[in-house]
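Based on the provided sequences and hints, a complete structural model is requested.
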Amino acid sequence: MKFLRFLRLPTISDLGSILKVGPTAWGIAICLGVVAVGARYVSTYPLTILISLLVFAALAYSMNFITGLTGYVSFGHVVFMGLGAYAWGGVVGTFHWSPLGSVVIGGTVGLLFALGLGAVTLRFRGVYFAIASLVTALAAGNIILAIPALGGGQGIVLNLGFEPLSQFYTIWLILAIEVGLTYWVTHGRIGYGLRAIKGDEDAAKTLGIDVTRLKLFVFGLSGLFAGAVGSVNAWTVSGVFPEAAFALLFSLLMLAMVIVGGSGTFSGPLVGAVVVYIPHTYFLTVASGAEFIVIGAMVTFIALVVPEGIVGSIRRYIPILRGILE
Amino acid sequence: MPDASAIVDQLVFGVVYGLLLGCVFALLAHGLNLIWGIAKVVNIAHGEFIMLGAYGAFFLNLSLGFNPLQSAAIDAVIGLAVGLAFYFGVLHRELRGKEAMTPRSEMVTLVATFGLSLLIANAAKIAWTGDLVGIPWSAGSVSLGSLRIPMGGVYVAILSVAIIFLTHVFFTRTHLGLAIRAYSQDIPAAQLQGINPTFVSAFGTSLGFAATMAGGAFLTVMFPTGINPYMGALYAPISYVIVVLGGPGKMWGSLVGGLTLGVILHVGQVFLDSSIAAAIAFLTLIPVLIFRPEGILR
Numbered sequence: 040m041k042f043l044r045f046l047r048l049p050t051i052s053d054l055g056s057i058l059k060v061g062p063t064a065w066g067i068a069i070c071l072g073v074v075a076v077g078a079r080y081v082s083t084y085p086l087t088i089l090i091s092l093l094v095f096a097a098l099a100y101s102m103n104f105i106t107g108l109t110g111y112v113s114f115g116h117v118v119f120m121g122l123g124a125y126a127w128g129g130v131v132g133t134f135h136w137s138p139l140g141s142v143v144i145g146g147t148v149g150l151l152f153a154l155g156l157g158a159v160t161l162r163f164r165g166v167y168f169a170i171a172s173l174v175t176a177l178a179a180g181n182i183i184l185a186i187p188a189l190g191g192g193q194g195i196v197l198n199l200g201f202e203p204l205s206q207f208y209t210i211w212l213i214l215a216i217e218v219g220l221t222y223w224v225t226h227g228r229i230g231y232g233l234r235a236i237k238g239d240e241d242a243a244k245t246l247g248i249d250v251t252r253l254k255l256f257v258f259g260l261s262g263l264f265a266g267a268v269g270s271v272n273a274w275t276v277s278g279v280f281p282e283a284a285f286a287l288l289f290s291l292l293m294l295a296m297v298i299v300g301g302s303g304t305f306s307g308p309l310v311g312a313v314v315v316y317i318p319h320t321y322f323l324t325v326a327s328g329a330e331f332i333v334i335g336a337m338v339t340f341i342a343l344v345v346p347e348g349i350v351g352s353i354r355r356y357i358p359i360l361r362g363i364l365e
Numbered sequence: 312m313p314d315a316s317a318i319v320d321q322l323v324f325g326v327v328y329g330l331l332l333g334c335v336f337a338l339l340a341h342g343l344n345l346i347w348g349i350a351k352v353v354n355i356a357h358g359e360f361i362m363l364g365a366y367g368a369f370f371l372n373l374s375l376g377f378n379p380l381q382s383a384a385i386d387a388v389i390g391l392a393v394g395l396a397f398y399f400g401v402l403h404r405e406l407r408g409k410e411a412m413t414p415r416s417e418m419v420t421l422v423a424t425f426g427l428s429l430l431i432a433n434a435a436k437i438a439w440t441g442d443l444v445g446i447p448w449s450a451g452s453v454s455l456g457s458l459r460i461p462m463g464g465v466y467v468a469i470l471s472v473a474i475i476f477l478t479h480v481f482f483t484r485t486h487l488g489l490a491i492r493a494y495s496q497d498i499p500a501a502q503l504q505g506i507n508p509t510f511v512s513a514f515g516t517s518l519g520f521a522a523t524m525a526g527g528a529f530l531t532v533m534f535p536t537g538i539n540p541y542m543g544a545l546y547a548p549i550s551y552v553i554v555v556l557g558g559p560g561k562m563w564g565s566l567v568g569g570l571t572l573g574v575i576l577h578v579g580q581v582f583l584d585s586s587i588a589a590a591i592a593f594l595t596l597i598p599v600l601i602f603r604p605e606g607i608l609r
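Those sequence lines, one after another, are chains A and B.
What the first sequence shows, in the working numbering, is residues 40 to 365, in sequence order.
What the second sequence shows, in the working numbering, is residues 312 to 609, in sequence order.
For the record, the hints were derived by calculation from the structure and aren't laboratory data.
Ideal Cβ placement from N, Cα and C applies to all residues, glycine included.
Hints are not guaranteed to be accurate.
As the list claims (entries may be wrong) - Computed list of lysine to aspartate or glutamate pairs in DMTMM-like fashion (alpha-carbon distance at most 25 Å, straight line):
hint, chain 1, residue 1, chain 2, residue 2
1, B, K409, B, D497
2, A, K237, B, E417
3, B, K409, A, E347
4, A, K237, B, E410
5, A, K237, B, E605
6, B, K409, A, D239
7, A, K244, B, E417
8, B, K561, B, E417
9, B, K409, A, E240
10, B, K436, A, E282
To be verified - Which bits of chain B does chain A cover? Going by a derived footprint, with three or more residues having C-beta under 8 Å, they are:
hint, stretch
11, 399-410
12, 432-438
13, 584-590
14, 593-604
Rendered as structure tokens:
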């Protein structure tokens, strides 16, 4: 297939260019390395905080693939998380597979659903795509509720025991792969194609960019990781519950992180995840409900005043940092 | 096997009640449609303004004893002011001086109104708690054979259709209405005719908000105990589906779409699980977008 040219295996000459990545990539890699080593030495409570922060970051990178890179706003992204979580819960609950291995199943279901859904809905532009994705998520949540084999309104309750370290390394690995793929996607041929689509899709088409396949490719990646993160998220609470698995708040948080951090940038989702995670967790303990007021105000302000987000604005207004921050 | 006549009765009830509900849905969608058609902005916080309209009716009933029909009129006036505030607070910055909606502005307004929806829903939850509240008002009911029709539902359905009809008259018979339509079709050409773009789009947005908030008050008649801060999360997607079904910018489209959706929801509940009926109602959007992206009306 012609498209597989994008996916060729790395050669020796590529290894050289992999070592020549910019300072941002090195920074993120060092952060991830420090976190990975440090996780063994911290106690359980900080570890659970770290796990949920990494879940946020992984969700932000998942959303960045579609909304950040192509500009297609996906309000219903939680559907991939929810289906991934249900696939994971079904496999773990029925066949007693290991929770770790079943995360792959969750990701695969997310990928397949994203490819199927994307083949239909990615033809719709702008708001039509946003609305189609929103109603798909709502419909999927409603359909799952009506399937007795999946526990109906009760969901799937599992008693897996508490294994924070293996959960941590699973979500760490997912995030690391996402960061690597985001770097590869934004710094190559695909990145040019995606930026062209974001700028003007019809013009991109006339330039010979295979718009449909490229969009489907990033949408599939996005669904794959959202499904995998949904499984890990279900693993941390040891069960799948319909209201929580399809809670639109997750889509909204993902979108908020991408917008706040800087959509389509390489480091933006990570910045956005930290910036959204801090008020989210702080107000959750101090004044529950206030966290979404803060996040909502932040998103509205950023969208209207600095639509490039934090990383995009820094790059725009401080030219010296342009070479360093990507 | 259940009695065949009982099923027919249920079916008739589903259709009648679905039509009544569909009229109110049509008004909710009509509010969204006005903003979508005129300012070319899809208001993701639409559901939150429906919720505010419903709470407006609730508090007016609590403090002054108004029934929801009276409250709807006051809600509509408040809606005009809220619409102006929304236009100048959120949209004006992005729409000012634009000759057409760019994909970038589209994304900015989607995301900004989405942030607003998070903000309003959660502020409402803190202010008024997350409990379900309702308005104890009933206009009695009439019996037609075995069918009991709530009169409150009939009143709000008639009023909803009347409001859509009046907007139609406004847009086809008055000078200002024609100016707004001209603006919605071609901004530079409208400006060449001496139409002030800011005024007409702000006015159109205000009208949309007035319809939305009045619709929120009417909704409390259809669902007497259904007011809570997160009710917008259900009615906003319903409104999007209706507008797309009818075609954005088409006034009678929202009525046709609303009636369609109301009947699908209620007749679906007769034969299927209510969550499956809701899923079907939502998913009708996808084939319409594929085969008739301009809406089911020509």
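Here's how the hints hold up against the structure:
1. The suggested pairing of B:K409 with B:D497 holds, with an alpha-carbon distance near 11 Å, which does not exceed 25 Å.
2. Our distance criterion of 25 Å between C-alpha atoms is met by A:K237 and B:E417, whose separation comes to about 12 Å.
3. In summary, the hint linking B:K409 to A:E347 is supported, as the alpha carbons are separated by about 19 Å, within the 25 Å threshold.
4. Between the alpha carbons of A:K237 and B:E410 the distance comes to roughly 20 Å, so the proposed pair stays at or under 25 Å and holds.
5. For a cut-off of 25 Å, the pair hint linking A:K237 to B:E605 stands: about 24 Å separates their Cα positions.
6. Distance hint between B:K409 and A:D239 is fulfilled; the C-alpha atoms sit about 17 Å from each other, no more than 25 Å.
7. Note on A:K244 and B:E417: the hinted pairing holds, with a Cα-Cα distance of about 20 Å set against a maximum of 25 Å.
8. With a CA separation close to 20 Å, the supplied pair B:K561 and B:E417 stays within the 25 Å bound.
9. Restraint check: the Cα-Cα separation between B:K409 and A:E240 comes to about 20 Å, which is no more than 25 Å; the hinted pair holds.
10. Our distance criterion of 25 Å between C-alpha atoms is met by B:K436 and A:E282, whose separation comes to about 18 Å.
11. By the rule of at least three residues with a Cβ nearer than 8 Å to a Cβ of chain A, the coverage given for the stretch 399-410 of chain B holds, with 3 such residues.
12. Check result for the stretch 432-438 of chain B against chain A: holds, 5 residues qualifying (beta carbon to beta carbon below 8 Å, three or more required).
13. By the rule of at least three residues with a Cβ nearer than 8 Å to a Cβ of chain A, the coverage given for the stretch 584-590 of chain B holds, with 5 such residues.
14. Given as covered by chain A, the stretch 593-604 of chain B passes the check, having 7 residues with a CB less than 8 Å from a CB of that chain where 3 are the minimum.
Checked against the numbered hints above, the structure violates none of them.
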